[in-house]
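Residue numbers (our numbering), protein chains in the order written: chain C, 1 to 326; chain A, 1 to 326; chain B, 1 to 326; chain R, 1 to 326.
Hints are computed from structural coordinates only; laboratory data are not their basis.
Careful: at least some of the hints might be erroneous.
What the hints assert, rightly or not - To give a feel for the contact side, a few chain A residues facing chain C, derived at Cβ under 7 Å:
#1 Gly-70
#2 Ser-121
#3 Gly-130
#4 Gly-175
#5 Ser-184
#6 Val-191
#7 Glu-205
#8 Tyr-224
#9 Val-234
#10 Gly-238
#11 Gln-255
#12 Gln-258
#13 Gln-287
#14 Arg-300
#15 Asp-301
#16 Ser-304
As the list claims (entries may be wrong) - Ranges between beta-carbon positions, derived for each pair:
#17 R/Thr-225 - B/Arg-300: 36 to 44 Å
#18 C/Gly-257 - R/Arg-300: 17 to 25 Å
#19 B/Lys-71 - A/Glu-221: 53 to 61 Å
#20 A/Gln-107 - R/Arg-300: 32 to 40 Å
#21 C/Gly-261 - A/Glu-42: 45 to 53 Å
#22 C/Glu-217 - A/Glu-221: 55 to 63 Å
Every value quoted in this text rests on a predicted model; they were computed, and no experiment measured them.
Virtual Cβ for every residue (Gly too), placed ideally from N, Cα, C.
Number of protein chains: 4
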Amino acid sequence: MQIGIVGLGRMGGNIGRRLMRGGHQCIVYDHNPQATEALAKEGATGARDLGDLVAKLDAPRVVWLMLPAGKITEDTLADLQRILTADDVVIDGGNSFYKDDIRRAAQLREAGVHYVDVGTSGGVWGLERGYCMMIGGDDAIVRRIDPILSVLAPGRGEIPVTPHRDGRDARVENGYMHTGPVGSGHFVKMVHNGIEYGLMQAYAEGFHILKHKDLPELPEEERYTLDLADVAEVWRRGSVVSSWLLDLTAGALAQDGQLDGFSTEVADSGEGRWTIEAAIEEAVPAQVLSAALYTRFRSRDAESFPERMLSAMRFGFGGHKEFPVK
Amino acid sequence: MQIGIVGLGRMGGNIGRRLMRGGHQCIVYDHNPQATEALAKEGATGARDLGDLVAKLDAPRVVWLMLPAGKITEDTLADLQRILTADDVVIDGGNSFYKDDIRRAAQLREAGVHYVDVGTSGGVWGLERGYCMMIGGDDAIVRRIDPILSVLAPGRGEIPVTPHRDGRDARVENGYMHTGPVGSGHFVKMVHNGIEYGLMQAYAEGFHILKHKDLPELPEEERYTLDLADVAEVWRRGSVVSSWLLDLTAGALAQDGQLDGFSTEVADSGEGRWTIEAAIEEAVPAQVLSAALYTRFRSRDAESFPERMLSAMRFGFGGHKEFPVK
Amino acid sequence: MQIGIVGLGRMGGNIGRRLMRGGHQCIVYDHNPQATEALAKEGATGARDLGDLVAKLDAPRVVWLMLPAGKITEDTLADLQRILTADDVVIDGGNSFYKDDIRRAAQLREAGVHYVDVGTSGGVWGLERGYCMMIGGDDAIVRRIDPILSVLAPGRGEIPVTPHRDGRDARVENGYMHTGPVGSGHFVKMVHNGIEYGLMQAYAEGFHILKHKDLPELPEEERYTLDLADVAEVWRRGSVVSSWLLDLTAGALAQDGQLDGFSTEVADSGEGRWTIEAAIEEAVPAQVLSAALYTRFRSRDAESFPERMLSAMRFGFGGHKEFPVK
Amino acid sequence: MQIGIVGLGRMGGNIGRRLMRGGHQCIVYDHNPQATEALAKEGATGARDLGDLVAKLDAPRVVWLMLPAGKITEDTLADLQRILTADDVVIDGGNSFYKDDIRRAAQLREAGVHYVDVGTSGGVWGLERGYCMMIGGDDAIVRRIDPILSVLAPGRGEIPVTPHRDGRDARVENGYMHTGPVGSGHFVKMVHNGIEYGLMQAYAEGFHILKHKDLPELPEEERYTLDLADVAEVWRRGSVVSSWLLDLTAGALAQDGQLDGFSTEVADSGEGRWTIEAAIEEAVPAQVLSAALYTRFRSRDAESFPERMLSAMRFGFGGHKEFPVK
């Protein structure tokens with residue numbers, strides 16, 4: 001089928017490519033004309049601007065937004081709301097906050113335009129592996145765009161079948177899920193990322209313990225110099241902690257066992273934060289997910305004010321007599 | 001080659017089976033004669049007691065212990081120390097504390113007996129999938145028992161190859177690793193289990209947030225009733241959080257979405273605790289691994305003393321006037 | 001001076017009493033006429049309703065709201081906005097969210113009405129000890145209501161003087177602080193409560209460790225049965241952990257060393273949650289404050305879904321073979 | 001009475017001074033002769049070495065050790081064991097691990113020498129304020145040294161009386177407590193320090209949130225520049241979070257609101273670590289106390305390996321395509 005794609009960055013461009021490989025016709029637009037042109041060379045129809053993109057699509061249209069969450073997505077939706085017509089579908093495939101989805105869907109609904117939110121996991125691997133998608137929206141609309149979703153999804157592949165799934169939604173085993181009403185796709189994707197933070201932190205702490213097992217202050221017979229690349233690799237095979245994140249870790253460590261080339265400052269995106277806020281709204285303890293987020297915050301704090309405050313207190317009770325109690 | 005196996009529980013029995021399938025000759029002993037007999041029926045040579053087992057093995061012998069960590073392993077080693085002879089090899093394949101390995105190896109060394117510690121992951125799946133093994137001991141001895149290890153290991157299977165591993169130890173890609181001196185096998189396995197706790201807790205917290213997204217106190221349009229079995233399943237395909245633990249979770253949820261049949265009290269074994277102690281010895285922050293352990297502690301605390309203490313304090317400053325400040 | 005008080009619960013009633021003791025004239029109103037009447041008997045002027053209260057006050061009026069945060073405060077402010085006149089002052093002394101303060105102040109400003117937010121600590125002890133107050137609002141208005149604030153505040157008392165405070169705002173040493181613009185009073189009070197949660201949890205964990213030092217599974221010579229009431233008491237004198245919360249704890253434990261009468265379910269109010277949200281907005285790690293909040297969440301979770309999920313995973317890898325991997 | 005003091009550092013010297021002020025006769029020794037001489041000038045009897053100290057004391061002797069925990073305490077006890085005689089008393093007033101107390105007491109008992117462990121809080125303030133003491137040992141021996149303990153203790157002071165303490169041990173209200181058998185004094189002191197870490201961290205996190213409320217990325221109307229010195233000061237008066245640690249914090253902030261002079265690396269002593277190990281032995285969740293300890297570990301980690309590992313994983317799934325999945 002025909003689809004418009006707005007935003008041709010790493011994710012959006014590959015989504016277009018995978019859709020074209022699957023036989024779909026893509027009208028594409030990026031505010032950077034070179035990005036538009038590049039995809040046009042691969043078979044897409046380039047558009048000059050949003051209006052041109054909408055004009056080149058047959059009604060009822062399907063427009064997939066793949067833009068950074070926040071102002072640019074917000075502005076583009078406002079523009080689209082003015083030029084789309086009733087029964088068109090807008091898909092937000094980015095990392096929007098699910099409460100924004102709910103608000104936007106209500107606004108677009110006034111113009112008869114449908115809104116679908118798609119949480120998309122897979123990163124740069126998606127072009128080859130397919131995208132794991134969590135989709136929120138009305139059932140009829142999600143069914144309408146199924147040709148697109150089924151092409152983007154990874155499919156069943158060679159992944160072992162889970163028993164007891166007879167009679168369940170077959171789309172799920174193909175790697176995409178209609179999670180519920182508008183917002184629920186991004187909500188599930190948000191929690192996915194929250195879990196991702198926790199998993200990553202668990203590995204990071206464990207490997208840290210392995211790495212420091214050679215500290216000179218340990219008793220000599222209890223000191224080991226462990227080959228972390230080999231540990232990660234061996235755990236990929238038959239161990240309880242095998243995972244895709246471990247695969248990536250094994251790859252990184254095999255290249256550089258000290259990981260010297262990587263930043264000590266770790267960014268966090270909205271999802272990790274929103275996950276904690278959702279936990280708090282639901283009164284759900286989320287100690288591990290919080291700790292993972294806080295580690296990233298800490299990694300970017302060069303000021304170290306709380307640590308200096310601890311030092312000041314220690315100094316206060318242990319080190320001097322200047323502050324009189326009476 | 002020939003090997004003695006002591007301890008024929010779920011793990012030990014299957015290890016024997018997998019070794020026999022691989023062409024090895026197993027002399028087996030369990031303090032429960034029925035367990036010994038059962039394996040004998042499958043082709044092993046049963047032994048009446050430790051002495052009989054040792055007598056039936058050709059020197060230099062190889063004896064694999066697969067016993068619960070602690071007193072029983074300790075006692076069996078003491079017995080073996082008396083009857084084994086120089087150049088024999090004892091392998092502790094259980095979950096012993098690595099500092100115990102170091103002490104025991106030193107003791108056995110006095111009698112010329114070699115000690116190898118093998119951390120074994122794979123659980124009940126090992127018979128079919130093979131066992132991921134982390135092995136501590138002298139290089140020559142680990143090489144000597146390679147025929148056993150290579151049969152127990154999962155092998156390369158269809159797991160994608162990690163790049164940049166040229167020239168590295170090929171055993172690792174077959175799922176077993178000589179981690180270093182005595183104790184290092186169990187040390188690495190211990191941290192493996194610590195990570196396992198953290199991963200499990202990350203999933204548990206995330207699914208808890210998903211599950212409670214239908215709480216009546218949330219705004220109606222932000223309430224979703226999510227199918228957790230489907231969420232787990234869809235994440236198995238192309239998502240960043242895919243893992244073997246997620247595979248197991250998807251299976252459990254497909255059978256019973258409420259997990260009503262499972263205990264609310266979660267046991268912990270030594271490894272989770274020792275991992276935190278190792279972190280503290282090394283001054284490594286282990287917030288996530290600790291939180292995972294503490295959740296298990298908390299799950300078994302019916303007394304709730306600290307919670308009552310919080311309530312008492314709240315009552316103190318908010319609720320009554322009985323305690324005079326002046 | 002003259003002041004109207006709306007809301008005569010435990011906090012509001014005592015605030016009126018302390019103000020009257022300090023020579024101020026109080027016009028009071030509670031939606032429960034008995035509460036109004038009770039305070040009228042102690043010297044206040046009772047009002048039938050908000051309109052009556054406003055009518056009985058000379059312009060420019062000062063009205064102190066001491067109501068539960070949320071809808072009732074919101075509604076009362078809406079009512080007041082209709083009947084107050086330019087240059088009147090509304091004080092919200094409750095536990096409102098500081099972002100609500102900012103919004104409300106902007107609304108009232110349109111009618112020329114001033115808004116001051118007062119975070120009030122002291123609980124039921126405030127009548128005797130005075131209230132520690134954190135005050136947000138315009139400087140001129142905060143100065144205008146100083147006669148009220150200075151009477152409510154604890155004053156310098158016998159608390160040792162902090163050195164290096166020469167030239168600093170003297171109000172602070174009397175126990176009240178103009179923290180900054182509107183909202184900042186409640187913001188500082190919110191963080192105060194966040195810290196309070198953390199302090200309480202630190203004591204609760206420590207006493208838990210002391211209490212369980214008599215567990216039968218510990219080695220006999222390392223088992224102690226500690227008198228927790230005495231421990232709390234001795235720490236009140238010269239130790240680094242002495243605090244008012246410890247005073248309260250010592251009192252509770254002296255009455256009932258097991259705290260059997262206290263709830264195992266611990267409530268949390270908005271401030272603890274908002275503190276974490278503020279930390280996340282600022283990218284500040286707040287591990288301890290979060291852990292304290294989560295403990296309270298956990299204390300009220302009878303369902304134990306995440307724990308059952310951990311059990312399900314453990315069962316998956318350790319206990320059965322039903323879920324096929326191949 | 002007469003007492004020998006070994007170790008005249010900041011703590012030991014002041015203990016001697018306070019005992020002399022209380023009318024006791026002190027025979028003192030420090031391996032640094034100048035320290036011995038200094039105290040001798042203040043009225044103590046200096047000793048050349050341990051033997052001289054023991055010789056100058058009348059039997060049955062009382063010797064107070066105030067030495068760093070670990071080897072030096074261990075060695076000194078070994079030396080004393082050789083020269084003390086039956087019914088003498090050794091007091092370890094330092095920060096020894098309670099399990100070491102238990103072992104040492106058993107050794108000394110063979111020579112008929114009594115051992116008392118005293119956990120001492122109060123730091124440099126103890127000379128004036130007195131020392132809060134937690135004391136483990138045999139009842140008769142603790143009674144025998146009561147004249148010493150009662151002089152070192154803070155006494156009742158002006159601290160408000162806790163109700164419901166009638167009939168309880170009066171020593172406790174004077175600031176010293178016989179906690180139980182040998183080791184229990186240091187055990188209680190250890191947990192005291194664990195709590196101290198948690199309290200400090202709670203304040204540090206809260207003030208961090210206050211401090212960063214002026215971040216430029218926050219909405220302008222929600223930005224406050226808070227005077228932290230004033231906040232700490234105001235909370236000292238009538239608020240729920242008032243404490244001695246807050247007094248110290250207020251003092252430090254009044255001197256330097258940015259705390260620029262203080263170290264960003266925070267040391268930790270044995271007690272914080274042992275507290276977590278005790279929690280683990282007892283299966284007690286200690287999330288807050290652990291988080292406080294880990295923050296200190298983190299403050300000293302310049303290598304940031306776990307953070308680089310997180311970056312490597314993020315790069316792996318988001319940034320490049322080098323690692324092939326098939």
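Hints, one by one, checked against the model:
no.	hint	verdict
1	Gly-70	violated (20 Å)
2	Ser-121	holds (4 Å)
3	Gly-130	holds (5 Å)
4	Gly-175	holds (4 Å)
5	Ser-184	holds (4 Å)
6	Val-191	holds (5 Å)
7	Glu-205	holds (5 Å)
8	Tyr-224	holds (4 Å)
9	Val-234	holds (4 Å)
10	Gly-238	holds (4 Å)
11	Gln-255	holds (5 Å)
12	Gln-258	violated (14 Å)
13	Gln-287	holds (4 Å)
14	Arg-300	violated (16 Å)
15	Asp-301	violated (14 Å)
16	Ser-304	violated (15 Å)
17	R/Thr-225 - B/Arg-300: 36 to 44 Å	holds (37 Å)
18	C/Gly-257 - R/Arg-300: 17 to 25 Å	holds (23 Å)
19	B/Lys-71 - A/Glu-221: 53 to 61 Å	violated (19 Å)
20	A/Gln-107 - R/Arg-300: 32 to 40 Å	holds (37 Å)
21	C/Gly-261 - A/Glu-42: 45 to 53 Å	holds (52 Å)
22	C/Glu-217 - A/Glu-221: 55 to 63 Å	holds (57 Å)
Hint compliance for this structure: hints 1, 12, 14, 15, 16, 19 are not met, and every other hint is.
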